[in-house]
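Asker: For reference, the chains in residue letters:
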Amino acid sequence: MNTLLYLARRLLSAVPILMLVGLITFLLIHLTPGDPAAVVAGDNATAEAIEAARHRLGLDKPFLMQFWDWLSGVMVGDLGTSFTSGRPVVSLIFDRLPITLSLTAGSTLIGLGIAVPLGVLAAIWRGSWSDRLIIITTSMGIAAPEFFIGLLLVLVVALNMGLLPATGYVPFAEDPVEWARRLILPCFTLGIGLAAELARQVRGAMIDVLSRDYIQTARAKGLSTLSIIVKHGLKNAAIPIVTVLGLQIRRLLGGAVIVEQIFAMNGVGSLAVRAVFLRDLPVLLGVALITAVVVLFVNLLVDMSYGYFDPKVRQS
Amino acid sequence: MPVTPAAVALPPASGFVRRFCRNRTAMISLCILVLITLVAIFAPYLAPQDPARSSLRAIMKPPSLKYLLGSDDLGRDVLSRLIFASRLSLIASVQAVVIALGIGLPLGLISGYVGGWVDAIIMRFNDALMSFPALILAVVIVGMMGPSLTNAMTAIGLVYAPRVMRVVRGSTLSVRQEVYITSARATGCGDARIILRHVLPNVMGPLVVQSTVLMGQALLAEAGLSFLGLGVQPPEASWGSILGSAFPYMQRSPVPTIAAGLVISVTVLCFNLVGDGIRDSVGRMRRAGD
Numbered sequence: 001m002n003t004l005l006y007l008a009r010r011l012l013s014a015v016p017i018l019m020l021v022g023l024i025t026f027l028l029i030h031l032t033p034g035d036p037a038a039v040v041a042g043d044n045a046t047a048e049a050i051e052a053a054r055h056r057l058g059l060d061k062p063f064l065m066q067f068w069d070w071l072s073g074v075m076v077g078d079l080g081t082s083f084t085s086g087r088p089v090v091s092l093i094f095d096r097l098p099i100t101l102s103l104t105a106g107s108t109l110i111g112l113g114i115a116v117p118l119g120v121l122a123a124i125w126r127g128s129w130s131d132r133l134i135i136i137t138t139s140m141g142i143a144a145p146e147f148f149i150g151l152l153l154v155l156v157v158a159l160n161m162g163l164l165p166a167t168g169y170v171p172f173a174e175d176p177v178e179w180a181r182r183l184i185l186p187c188f189t190l191g192i193g194l195a196a197e198l199a200r201q202v203r204g205a206m207i208d209v210l211s212r213d214y215i216q217t218a219r220a221k222g223l224s225t226l227s228i229i230v231k232h233g234l235k236n237a238a239i240p241i242v243t244v245l246g247l248q249i250r251r252l253l254g255g256a257v258i259v260e261q262i263f264a265m266n267g268v269g270s271l272a273v274r275a276v277f278l279r280d281l282p283v284l285l286g287v288a289l290i291t292a293v294v295v296l297f298v299n300l301l302v303d304m305s306y307g308y309f310d311p312k313v314r315q316s
Numbered sequence: 317m318p319v320t321p322a323a324v325a326l327p328p329a330s331g332f333v334r335r336f337c338r339n340r341t342a343m344i345s346l347c348i349l350v351l352i353t354l355v356a357i358f359a360p361y362l363a364p365q366d367p368a369r370s371s372l373r374a375i376m377k378p379p380s381l382k383y384l385l386g387s388d389d390l391g392r393d394v395l396s397r398l399i400f401a402s403r404l405s406l407i408a409s410v411q412a413v414v415i416a417l418g419i420g421l422p423l424g425l426i427s428g429y430v431g432g433w434v435d436a437i438i439m440r441f442n443d444a445l446m447s448f449p450a451l452i453l454a455v456v457i458v459g460m461m462g463p464s465l466t467n468a469m470t471a472i473g474l475v476y477a478p479r480v481m482r483v484v485r486g487s488t489l490s491v492r493q494e495v496y497i498t499s500a501r502a503t504g505c506g507d508a509r510i511i512l513r514h515v516l517p518n519v520m521g522p523l524v525v526q527s528t529v530l531m532g533q534a535l536l537a538e539a540g541l542s543f544l545g546l547g548v549q550p551p552e553a554s555w556g557s558i559l560g561s562a563f564p565y566m567q568r569s570p571v572p573t574i575a576a577g578l579v580i581s582v583t584v585l586c587f588n589l590v591g592d593g594i595r596d597s598v599g600r601m602r603r604a605g606d
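Protein sequences appear in the order of chains A and B.
Counted the way the working numbering counts, the first sequence spans residues 1 to 316.
Counted the way the working numbering counts, the second sequence spans residues 317 to 606.
Bound-form chain B, shown alone:
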């Protein structure tokens, strides 16, 4: 593509948008995510049936025109249930990521900016927290607090906070060396102002990538916990709990299990691919953590 003067003069933000739009995989994934969000918002208008209405005559029916994805063990329409469950699944993931950011962002900024023994202490705690398998720690935290969706998402947020912290600390450390930080300090800026005005904007790129990937991870973790019965409690349902309740009847009616599993997998895949796309478009930064 020839470089026109206009393209060169574009501010960096639109350069990012242009690079991202050129990434076909990421764009398709983003469209699917937008579509899923719209489905969640307009669930009452889109669901063909009342997700809570059960019918004794429609127990575990195979897919038909009336029940596009079949019906479950209580005679409820699986498609309508999946459509309504997208709300809880998405909100729950956002909740977990917000908690992870709320803990990880300030700690990462402090750890990276202040350095010294503060950094050493925070990092050792971080290492220790990251020695626990995420799902097991989440199960244990839920066990301590009692099974419920809020507790499950709090647990997942706590478990993922160290990952956010690591990413933020890493970027803060590299920004701290820059000349403009030294000159900001020389002009008499306070630490709080430097962190908010100069460090934070530079941390945003990696943070957005990490948050996107964490959305997928949180969705997966929520599905796992709800599958185990430790997350959302009936009569409410998320994709994971629909999968969990369809699983015992899988031999008789496999469609609900497969449908719920596919919805979860596709959504997580899209979050991962959008995260990869953002990372590639921002340029020199890399996705840290695992």
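So here's chain A without its partners, still in its complex pose:
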């Protein structure tokens, strides 16, 4: 029951933020220099066409009315139609979302896979030269742009060694093996930066946990180092790690824009970049809104995971 209440409270608290995210997205259209209706109507549009576009966008109504119309459309999943392809923005984005989500999920797995062992080792060997080495490597990993890591991987692994394909995406349903093969390099590209950031958090959190009394007790009971770390250390270190993971989802989604470009993947990021050149405003607004919703959703999951990792959160 407590868990359900906690969940409901969390969900409710997301609603005002969601409304504001909508308002900000809606306000973005007013950044368009000049008359948005003229941009929407396209080049060489007649005065009537511009008026029609203004009416269609609701730009001739009072501001709050405009926002309300737009919001009620969004509520039922109507984000407008793409100017260039004439297709509903929602279906354009949802067609490509699996690609971007495969990429971000894969990078998260790789990030965790590298960061957890590295961070734990650095915490155990705190102050030694291996700890220093890990800190220096992660500093460089944080500073290196995704595109640089990606280009190096393409150059070495794909072009010179020929181990993996350099570009393209194959849907999972078509060929699961090829899907995985094509995702390895992009996921590593995006995952390395995440791993660097996470490894520092894991190290910090583990150092904190390992200094606690219950770890001493566990040691005194004669538990092996491995089981102390896995059973007591990691579970207690999980909250700061998961928090950072939640913050990093924004960086992953942003980085995906560049990684998709390097690896010629037709994801949401590529859709947005193409929309910039085509001045396809509804698609751009749709991408902004949907990625923000994904971020909010992930943060909700992070919040709920606190209850799993730390029962005290559920009861408070």
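One or more hints might be untrue.
[Stated by the list, open to error] If you anchor each label on the Cβ, the simulated ranges turn out as follows: (1) B/443 <-> A/304: 16 to 22 Å; (2) A/85 <-> B/568: 31 to 37 Å; (3) B/513 <-> A/3: 36 to 42 Å; (4) A/266 <-> B/517: 49 to 55 Å; (5) B/493 <-> A/91: 32 to 38 Å; (6) A/274 <-> B/509: 48 to 54 Å.
I should point out that these hints are in silico values taken from the structure, not numbers from a laboratory.
By construction, the Cβ of each residue, glycine as well, lies at the ideal position given by its N, Cα and C atoms.
Knowing the structure of chain A, use the given hints to seat chain B on it.
Answerer: What follows is chain B alone, placed relative to chain A:
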């Protein structure tokens, strides 16, 4: 080190300088940044060749004495182009950080100092803005305004403003509780004077740290946007756009891509390390945001 009376008597500012100078990593990083800035300033004297002159006979040449880092797909000297591009890359980052400060600093001061519903409204907007992935929001803003370097840096400034705001608000909140603020008010100081004379100086430390780190982030974002073709437009070039235009020819001539990527990574790393160094030297404050 023995504490001499002279060292104790030093004013806090020089204590900061001394602590910072003792931090070897931060000092080396600062030297590299100064060096890069000097290269940008004296680009015309340092560049071995005219960065815009292309030669049909020198297309994608490997590194040689004439072309130290090779030449690009239009037969231009990559080293000279990177040297000249440092100007745009650095100026663009400063531009973005100034915009972020211009929006974030006043809002953060107001939000933290006034509190109440003003703070609540500003903070909710802040939370909502921070739900957007930074690069995607920047891409969308550029899309709304049209691709150009100024628009790209405005977008990045807007996207980073909430981070500045959070840091400023946090420090303002903690300063507001101090006794000297209460006594300043008791002596009849107006709010504007209290903010400018008493709150602002105390916010400067965290703000400088945040701005240094943001310089690196803005450089990275500029490189990303220019790599995508949404930032600087040819014939002008920044490090990111050089990387972007070298990338399709990477298999035939990898040096330009690697050189541009390295320059960006090293500069961002130095900004981060200098930021860390300042934070550690100032003492009790912490870098807020992410």
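Asker: Give a verdict on every hint.
Answerer: Results for each hint:
Distance hint check: the CB atoms of residue 443 of chain B and residue 304 of chain A are about 18 Å apart, consistent with the given range 16 to 22 Å. In this structure the supplied range 31 to 37 Å holds for residue 85 of chain A paired with residue 568 of chain B, their Cβ-Cβ distance being about 35 Å. At about 51 Å, the beta-carbon gap between residue 513 of chain B and residue 3 of chain A misses the expected band of 36 to 42 Å. At about 52 Å, the CB distance of residue 266 of chain A to residue 517 of chain B agrees with the hint of 49 to 55 Å.
At about 53 Å, the CB distance of residue 493 of chain B to residue 91 of chain A disagrees with the hint of 32 to 38 Å. About 52 Å separates the C-beta atoms of residue 274 of chain A and residue 509 of chain B, a value consistent with the hinted range of 48 to 54 Å.
Taken one by one, the earlier hints fail for this structure at numbers 3, 5, listed in ascending order.
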